[in-house]
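Model the full assembly from the supplied sequences, consistent with the hints where possible.
Using the working numbering, the first residue of the sequence shown is number 3, and each one after it goes up by one.
Each hint should be verified, as a subset may be incorrect.
In silico lysine-lysine, DSBU-like type, Cα no more than 35 Å apart, as pairs [said to hold, decoys possible]:
no., residue 1, residue 2
1, Lys88, Lys159
2, Lys159, Lys214
3, Lys88, Lys214
Keep in mind the hints are simulated off the structure, nothing from the lab.
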Amino acid sequence: EAQRFDDDEVIAQTASAAAPETSSAEMIISIQGEHQAVADESDQKLTAIVSVRSPDADAASGTQERKGGVDLIAVLDVSGSMGGDKISHLRQTLLAALALLGPADRLSIIKFNSSAERLTPLTCISDAGRAAAQSAILSLQAGGGTAIASGLELAVKVVADRRHRNPVCGILLLTDGQDSQRSPGPRALGAVGGASVPLLALAAQARAAGAKVSCLGYGG
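Spelled out as structure tokens, the structure:
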């Protein structure tokens with residue numbers, strides 16, 4: 003029997019009205035680099051800030067609060083190709099995103115190399131939840147092969163199995179894109195229009211379950 007991930011934490015209530023069970027709103031992810039442009043053939047290390055927020059946060063000002071929280075499922079590539087600076091930058095990225103989340107938001111952390119593992123269930127970012135997430139992030143080590151589809155499959159399952167739902171939900175994939183699972187067969191990552199067939203299907207499944215998939219790549 004397939005494992006179920008219906009152990010998500012009850013959403014913390016805020017002073018604002020309770021959030022609806024479903025919404026068409028999408029999580030907003032923005033990336034701000036230290037340079038606006040770089041030379042095409044340059045080899046540089048760049049620092050960037052990743053922001054994750056609900057659309058309602060843009061309207062919040064003064065004593066007004068955003069209407070609901072965010073459910074964020076972080077899917078982290080910890081394969082061997084992510085060794086060195088890449089895994090360090092990945093940790094920094096996720097710690098920066100975590101700093102932007104509050105008690106009404108929930109985070110689940112998934113890591114993958116040749117297979118995928120959920121490190122934390124969807125947990126409210128209380129003091130205890132933040133500490134648990136920080137511990138999981140800081141423990142990440144690179145090694146093994148790369149099966150991006152396995153990480154996304156697990157993330158889609160976490161989204162679909164939730165008992166409770168924030169109005170905004172997103173899957174954030176952090177990877178260098180060097181996938182080693184390219185053997186022939188139904189799970190092969192065959193290119194169609196520059197994208198991988200199973201990954202496109204998984205993105206569609208995520209959308210159907212109520213989540214948008216975003217990706218941040220690590221080069222070099």
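Hint by hint, here is what the structure shows:
Restraint check for Lys88 and Lys159: satisfied, since their Cα atoms lie roughly 27 Å apart, inside the 35 Å limit. Between Lys159 and Lys214 the alpha-carbon distance is near 14 Å, which keeps this suggested pair within the 35 Å criterion. For the proposed pair Lys88 and Lys214, the alpha carbon gap of about 24 Å is at most 35 Å, so the pair holds.
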